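Got chain G sorted already, so can you dock chains L, S and Y onto it with the hints?
4 protein chains.
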Amino acid sequence: MGLSPEQLAEISELRSQAQSTLRATAPGMEAHLYKPYQVLDHGFVRVVDYMGDDAAICQAARVSYGRGTKSVQNDDGLIRYLMRHWHSTPFEMCEVKLHVKLPVFVARQWIRHRTANVNEYSARYSILDREFYIPAPEHVAAQSEVNNQGRGSALEGEEAARVLELLKSDSTRAYDHYEEMISSDGQQGLARELARMNLPANIYTQWYWKVDLHNLFHFLRLRADAHAQYEIRVYAEEICKIVADWVPFAYGAFEEYRLGAETLSASALDCVRRMLKGEEVTKETSGMSAREWRELEAVLKG
Amino acid sequence: MGLSPEQLAEISELRSQAQSTLRATAPGMEAHLYKPYQVLDHGFVRVVDYMGDDAAICQAARVSYGRGTKSVQNDDGLIRYLMRHWHSTPFEMCEVKLHVKLPVFVARQWIRHRTANVNEYSARYSILDREFYIPAPEHVAAQSEVNNQGRGSALEGEEAARVLELLKSDSTRAYDHYEEMISSDGQQGLARELARMNLPANIYTQWYWKVDLHNLFHFLRLRADAHAQYEIRVYAEEICKIVADWVPFAYGAFEEYRLGAETLSASALDCVRRMLKGEEVTKETSGMSAREWRELEAVLKG
Amino acid sequence: MGLSPEQLAEISELRSQAQSTLRATAPGMEAHLYKPYQVLDHGFVRVVDYMGDDAAICQAARVSYGRGTKSVQNDDGLIRYLMRHWHSTPFEMCEVKLHVKLPVFVARQWIRHRTANVNEYSARYSILDREFYIPAPEHVAAQSEVNNQGRGSALEGEEAARVLELLKSDSTRAYDHYEEMISSDGQQGLARELARMNLPANIYTQWYWKVDLHNLFHFLRLRADAHAQYEIRVYAEEICKIVADWVPFAYGAFEEYRLGAETLSASALDCVRRMLKGEEVTKETSGMSAREWRELEAVLKG
Amino acid sequence: MGLSPEQLAEISELRSQAQSTLRATAPGMEAHLYKPYQVLDHGFVRVVDYMGDDAAICQAARVSYGRGTKSVQNDDGLIRYLMRHWHSTPFEMCEVKLHVKLPVFVARQWIRHRTANVNEYSARYSILDREFYIPAPEHVAAQSEVNNQGRGSALEGEEAARVLELLKSDSTRAYDHYEEMISSDGQQGLARELARMNLPANIYTQWYWKVDLHNLFHFLRLRADAHAQYEIRVYAEEICKIVADWVPFAYGAFEEYRLGAETLSASALDCVRRMLKGEEVTKETSGMSAREWRELEAVLKG
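Heads up: the protein sequence lines correspond to chains G, L, S and Y, in order. Residue numbering for the first sequence follows the working numbering, starting at 596 and increasing by one per position. Residue numbering for the second sequence follows the working numbering, starting at 596 and increasing by one per position. Residue numbering for the third sequence follows the working numbering, starting at 596 and increasing by one per position. Residue numbering for the fourth sequence follows the working numbering, starting at 596 and increasing by one per position.
The shape of chain G in the complex, shown without the other chains:
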């Protein structure tokens, strides 16, 4: 992950200093705090802070004075009810702050989720590190032939090797020239805010990203999905594991009613009802497009 010994020491120090607090704490989350979990070749995700737990969701839903928990079972049921009926505001009462290191082209997708707070490392102010995402050979994939915005199978040996060679050499050269341009050794040195424009989109950046649980679930539903680009999906999957330990009831409800759920269109519902009455529904009699019919078949097969 490219953390320096100093950085690792800073993290260790933080993990060694327990404080006393009257706030709600989530033991499952305390175990994760500050630890960097590797994603891709040089990236990571780590939790820097959090607010709330499963009980805090119920407490807000009930606008209660104390912890608001009647019983653990009760809380689970309430959380499932809230998730099922799209009552999103109680989930907004939990918050998490992550430190993420990620390639710029992934960051550009990520930032499209606007309901979050972000502090990104500034390449106007500071010098970026020489770290580039180079895909593992099995992820050097061909353009998909059925999906304009997707990838197909892995490229075959020689072509993959050629791609990797180009990515590596171009990154190296771009960074060499970046350093050369900003150097003040025997010259004035180009402004950092200009020099950064020579760096390709596979360079790593990092940011603090803070988001409430409702909006985080929305992010995860879209980005942990099979259709998301692999390079952002692996971040989403890592975050899923963390959230499952933080708010186990809420995460369980999220799996049941969002991640593992499917929305059936009016036409799809009509087909299912007819099937259940014993009718043999076909693509032709479904009233749906070929593509939607194929999608429905996949959903019903599971």
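Everything labelled a hint here was simulated from the structure, so no lab data went into it. Check before you lean on any hint, since a few could be wrong.
Put simply, identical chains are the same to the list, so a pair is met inside one copy or across any two.
In silico lysine-lysine, BS3-like type, Cα no more than 30 Å apart, as pairs [stated by the list, open to error]:
{"#": "1", "residue 1": "K896", "residue 2": "K878"}
{"#": "2", "residue 1": "K896", "residue 2": "K872"}
{"#": "3", "residue 1": "K836", "residue 2": "K896"}
{"#": "4", "residue 1": "K836", "residue 2": "K630"}
{"#": "5", "residue 1": "K763", "residue 2": "K630"}
Nothing here was measured: the structure is a model prediction, and the numbers come from that model.
What follows is chains L, S and Y alone, placed relative to chain G:
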């Protein structure tokens, strides 16, 4: 404040249970946690949870690995710099969750600040308490004659007494009838979602309100201002005291660069420059409207 | 709807003055512009302005230079695709501005949708009109016995009459006293910002509400739903009719993939798959709670 | 600007087709509609649609039924009042949609303004054009020695030439290899979503960007400022010209109370008051840091 013994006991219990955490804690805020601070006759503000402290602001601004503090003095300087130059994102990295009890007409003003998370006590689902805001006699004020949306001096004795009598009796009657309509004693009982419409805007409601520090400062700048309506200003002032204990550096910078600062228009700046050169600038030669000139005079007098 | 002859004349005048523009126009929406459509006893919805049409959604999705339309059929397909796959940003490229008159208790529900722009008539600044929502007898309903936040059947004759009498007399008295308090006839006159607190939640307010199409669809999905409170649902239904004329393709896709669609949980999907394989699934073997099983049965019956 | 003859023809066609509308129109804006205004070497800004005008701001502030204009002078005064007292919601009632072509490193700064709607050209789905920002020689500047995030004077001849040569050759090579990797000529062809990672941050992207007038003013205040990076400032300046023609009163108020205004801190105000009383205030007696004192001196000199 109308807290029941049970509610007070729940709060005491919460304050008696310290937990161990690896997160950043703010000692000044721990002292406030859960305690209700009375505002108006039956309202309160209390902190339910918080995330971050002064150091967390710097940590985010530096996208650092550890606590990110070089020295305390250093942090103060950085925070003042960020506030002065409108770098708002590091302040968004702190978050606070409040439980507020407030009259409905105050809630309607408050909710206009949209960048916050809210869970309000539901009068569709539950029965509201018989608690109404009745102003103290010194706050029963006349319509301002110079400001269409403000109040002037306190009403004189008899008129004030008449007003208070009307507010009290109308509230009482409205609540009596509310109870009468929802009662299922010898009748079906009106739906709560309908019965609530009979209740006046001085009835108390309550909510959980969660907001980041940047947006909280924006709220406080507008609502702790002398032009804000008294009934919301007292909430803002109570929150100011809490924030000053939570993030003392950030609050100090807020006082210096926002609360105690003034924005001078292009024309006002021009006047000040001329004055400093020794020119005698008057309303007539200022190039400003009478009202703006009066406002500038007030600013320059202090 | 309580529009004065002057107001109606202002509206007529606006409708009589066509302008020339190079912008995209939606003929279906031009027919609605400015016209007030009555909702409840004194409320209304009317379109004050709009931006974009079906083609504008496609144009944004394609980031195109011209109108971006290849063919009408093509646009319909693209819009359905975008809606089906939760690509929400192109729908955000259409915007509508409504003028709405509505009871305060409805406004309080409405405002919970935060991603919109709002200018409300100010009762600090101005005097509210004497207009209160009094439900039609068939909507004076009992508290639901199965749903804590809902209503059941209409109250029977005498009880309904009593309720209506209370609502009317309390509204009248509250407004009489409001007028009496603010009057400057022989007295100072209470500040409007204070006097308004005596008014009940069934008084009408009004606002300009501006929202993009994506967030409007979100609002409509929740508020045109059978579980929404009747008094807000009628507004949502009126807006649905307007939107159907404005962006017919987008509205059609909204009906197919949102309004008429259903989200099946992971467990519900499992049940449906087993049913389609011929298994007799019962409440007991479904693995779901009684309530969820009941909901699934309802969905599958249609 | 790199618009193809086809694109220019599409734009011409749009400008030739006037429609009839009942909506408010802004003649100053109609003149700009669709026309691309060049920014940097290959970028542009063009207005694709707009909603509202100066009168619409007043109409919303008054929640009026008709156009809401009493007199033109009246509107100007109201708009200045709203701007001066930070009443932001009426300005949110105007909206503009822009099509912008800009280098990726500028887009990354721009997107930090989250309160806007964005549709960006997708490099997952489509192939980017071979267009890179190469600064004009006078903008190839050295790193600032006083400001860590700024630039100083232009680099001298030979060094500037070296920088330009590196930027050009690296861009060319990166794009050559991008094309080579995605080519399906005699090979499978790398997925576009992967190949894009080889492209540097000076490549041009484009998007539709829709924002309300209040948030646009916020963007312009920060980005048309002398401290903003040159490459984003030129976009902001171009937009300023367009807005001045669209809503002349609002833009005038923006210049008077925002762009040309200055916020004086509590300490700075104190200094100014002492100066006006005749005291000779110095850096030492100002109670301010050296940097703040320098900033105040600059403000007071004008």
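Enumerate the violated hints, using their earlier numbering and listing them in ascending order. Failing hints: none at all.
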